[in-house]
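Residues in the sequence shown are numbered from 140 upward in steps of one, following the working numbering.
It is worth saying that the hints were derived from the structure and are not from the lab.
Just so you know, these numbers come straight off a predicted model, no measurement behind them.
Please note that the accuracy of each hint is not assured.
Here are the simulated EDC-like cross-link-like pairs (lysine to aspartate or glutamate), alpha carbons at most 20 Å apart as the crow flies [claimed, not checked]:
no. : residue 1 : residue 2
1   : Lys501    : Asp536
2   : Lys652    : Asp571
3   : Lys461    : Glu413
4   : Lys501    : Glu533
5   : Lys415    : Asp455
6   : Lys372    : Asp354
7   : Lys415    : Asp354
8   : Lys709    : Glu759
9   : Lys415    : Glu404
10  : Lys429    : Asp476
11  : Lys307    : Asp234
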Amino acid sequence: MNTPRGNTTGLRVTLASMPWQSTELPSLPIALLKARLAETGPADTVREYHGYLRWAEYVLAETGGEITPAACEKVSIDDVFHGIGDWIFAGALYDDPEWRVAELEAYAARPRGGVPLDTGPARRMRALAAGFVERAATEILAGAPDVVGLTSTFMQNTASLALARRLKELAPDVVVVFGGSNCDGVMGHALHRNHRFVDYVVRGEGEEVFPVLLDRIRSGSTPEHVPGVCWWKGEDSVANPTTGRPVPPALIPRPDFDGWQQALESSPVRPYVEPKLLLEGSRGCWWGEKHQCTFCGLNGSSIAFRARPADRFRADLDHLVKRHRILDVITVDNIMDMSYFRDLLPGLAASGWDLRIHYEVKANLRADQLRLLADAGVHCVQPGIESLSTRVLELMDKGTTATINVRMLRDCEAEGMTASWNHLYGFPGETDDDYVPVVEQMPALVHLQPPGSVGRILLERFSPYFERPELGFAERRPHRIYDHVYDLPEEELNDLVYLFDTPPAGISDAMEKRLQDAAARWREAYPHSTLVVRDEGEGRLRVEDRRVGWPQADHVFTGWEADAYRALEKGRTAEALAKALDGGEAAPDARRAAGAPSASGTAGARGAPDAVTLETWLQELVRRGLLFQDGPVYLALATRDVPVHKVAERMEENSRWRPHV
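Please construct the entire structure, taking both the sequences and the accompanying hints into account.
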């Protein structure tokens, strides 16, 4: 390829992020690459094009304010599994306003949860997509770029492809480069070979490869040995092998959000959004390196865990919060580095920052660890709960149990912390019997935060279920949502797309409905339900039950019963509980709080029960909904006092921040 515009020194590079992503967030790929290019190509001129913001502005103006950024947000977050965002721009990509309209309508007419999909707003936005692509191309070309880099994740493909096609029509010499999660592995090669107007695709992480590719473009040489790059050799699409070596944390720069903030603050959509910062503490998944969850493909081909040193993460956080004066921070880590509990969180807790941080964590955190997270400003966690059945969790290879997951929900409630989670089902090998105790006990959990959604798993590329068909999903085809998006044969879609359809596995339709209905009742009851335990001193506990669906009652425990209920806060079998009571190990914290001396406060001195009495008592508390039973394990469900005004707020955030997968 010739050197763009004869440029032998600095390049004019535009980094663009098209719909769809949240209008409240900056584009982290743009922010990272801009910062990286400042290090590797200081002679280059780098511009940003926040296409997803410009789209929200365009729709707002063209509809006279009827379609607000909230509608764009819904498409970005809620409609990802229906392919609505890609469909909206598919007509612009194929230059056909009626492209696959009938196919979408047929898809939407099939009830989901008893309700057909509402495509009205999407149809209105579809009519505006081609005009927006024309405007975006004109605005980008006004900066006379040599290279336009487009980042694509989830539903950004068709909008980005439509823009790329129009850029090449208007300015054939502009070099178009794609990157992002939609370009990982074979997906990147399929995207390249099926779209001749895409010059290069960077597969995998871009911090190392993209600057090298720009050097080749600057010099007019081919990227023959640049790892992972797809390029055209004549009419042949060539996919260079990847190195398989992940980018080290030292090469991941501090993101540059200056351009995004300037664009947002001057945008007419600013009154509609509450901006948040994004920050990255790690990449990959330390649990997935050992036991990748069978259904999860989110890490793509780079699951190796790498964490940034805590002091560097803290320095970047402080810098960005001060510079942008935004206190809401979303970390994009798939899992928190456990060393942060020692090296990062105590300092944040002592900093005095009034932060609201969102973090993905593992569910088996202790109560004191959750308290430290809350003190450090972590307002919302995404703990990957996924199920309340221990056997199904074993099928997922989650490394947790139903007891641990319910305990996490209880302790989050006690800390006033949002727990964002989804309940999944449809795993090969699960049975209806696995869900009977889940459904039967959901009414006892209505004071805890319900799942944001309850749904059947989809087969994801890069997941163990995808890579190993013998695990239960040998029959698969590209997800039916792509039928109303792409003009490609199935064999090409097999390489291009991320989601796949499979024959339903696991539970029956009847159990699926029972689970959905029980979760719906849980969501309805949660804002009005509490179950609070109070230590009244002198070895006396009071559990105040104000849950929807249960008689309002105060349950008073004294003697060994009070010790036993406290001992069950961590979850124990009846045998382990009996040993704790006999040994005087139960609930020492409660006795200390009541001022009782340790010797006279032992459980043995309070009359430990025999095995039959203890088992009868445990079953009675399960019947009252005061304990959760997970096979032989019992867990106390009552929380410490929670401010009532927090309940509705956490319910809203639970729905808002539910994960894509």
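How the hints compare with the structure:
1. Proximity of Lys501 to Asp536 is assessed by CA-CA distance (about 13 Å); at most 20 Å being required, the pair is judged to hold.
2. Annotation: proposed proximity of Lys652 to Asp571 holds, straight-line Cα distance about 11 Å (limit 20 Å).
3. For the hint linking Lys461 to Glu413, the alpha-carbon distance of about 17 Å falls within 20 Å, and the restraint holds.
4. Our distance criterion of 20 Å between C-alpha atoms is met by Lys501 and Glu533, whose separation comes to about 15 Å.
5. Of the supplied pair hints, the one linking Lys415 and Asp455 holds, its CA atoms being roughly 15 Å apart against a limit of 20 Å.
6. Taken as a hint, the Lys372 and Asp354 pair is honoured in the structure, with Cα atoms around 18 Å apart against an allowance of 20 Å.
7. Between Lys415 and Asp354 the alpha-carbon distance is near 34 Å, which puts this suggested pair outside the 20 Å criterion.
8. Of the supplied pair hints, the one linking Lys709 and Glu759 holds, its CA atoms being roughly 19 Å apart against a limit of 20 Å.
9. For the proposed pair Lys415 and Glu404, the alpha carbon gap of about 13 Å is at most 20 Å, so the pair holds.
10. Straight-line distance between C-alpha atoms of Lys429 and Asp476 comes to about 15 Å, which keeps the hinted pair within the 20 Å bound.
11. Proposed proximity of Lys307 and Asp234 is supported: the alpha carbons are some 14 Å apart, at most 20 Å.
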